[in-house]
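Start counting the sequence shown at 64; every next residue gets the next number (this note's numbering).
Hints listed in this document are in silico derivations from the structure and should not be mistaken for laboratory results.
Everything numeric in this text was worked out from a predicted model, so none of it was measured.
Don't take every hint at face value.
What the hints assert, rightly or not - Okay, the calculated beta carbon distance ranges per label pair: (1) Gln-178 / Ala-144: 43 to 51 Å; (2) Ala-129 / Asp-251: 17 to 25 Å; (3) Arg-169 / Leu-93: 35 to 43 Å.
We put the beta carbon where it would ideally sit given N, CA and C, even for glycine.
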Amino acid sequence: MARPAAQRATETVIGRVGLADLAGHRVEELSHGNQQRVQLAIALVHEPELLILDEPFAGLDPLGVAALGELLGALAEDGAAVLFSSHQLDLVQHLCQDIVTVDHGRVVLEGSLEQLQAAAGRRQVTVIFARTPPAYWSAGLPDVDVEAADDRHVRLAVSADRDPGDILRAARAAGPLISFEFEPPSLDEMFRMAVAR
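Hey, can you work out the whole structure from these sequences and the hints?
As structure tokens, this is what we get:
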């Protein structure tokens, strides 16, 4: 790349990663998050077709995470293949079209989020009561496992084909409700189930 083109590309990429106002600073003067942005800018300056990143969200504050997520999404929309490793499964779930999770060198989940959720065969029910419910309000419900219970918040695991109506009726009988949600499992929950097998 010729020097003028490199200068233009650098200015464009620095703006794209959110470092335009810090362009005159030395890298070692920058925060950890901004140093990560510099590394990303270096990787982007040649407009790669494939971008491989190792833990790109580590050390970023919530605003930095959101900005980087938007940038990676835009790069993918522009046609770049973006591959990254992360222990932050909520971000992986939100950002990725295809997911591979690994435990001790072994692939334990692989596919789109929708494929993984369909294969999980489980759904999650989250109930928030207005007051603490009786301890065993869900005990009579078949194929319902209490995953977490904390005062007024209860999270249950149920089979994917389970009609939530009987769970809702049992919850209402236990006390007034603030909310009742019937959702597919998160990537974090599916990973935990996969490694527990």
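Here's how the hints hold up against the structure:
The beta-carbon spacing between Gln-178 and Ala-144, approximately 19 Å, falls outside the hinted interval of 43 to 51 Å. Checking the proposed 17 to 25 Å range against Ala-129 and Asp-251 shows it holds: the Cβ atoms sit about 19 Å from each other. Arg-169 and Leu-93 have their C-beta atoms about 38 Å apart, which keeps the hinted 35 to 43 Å range intact.
Checked against the numbered hints above, the structure breaks only hint 1 and satisfies the rest.
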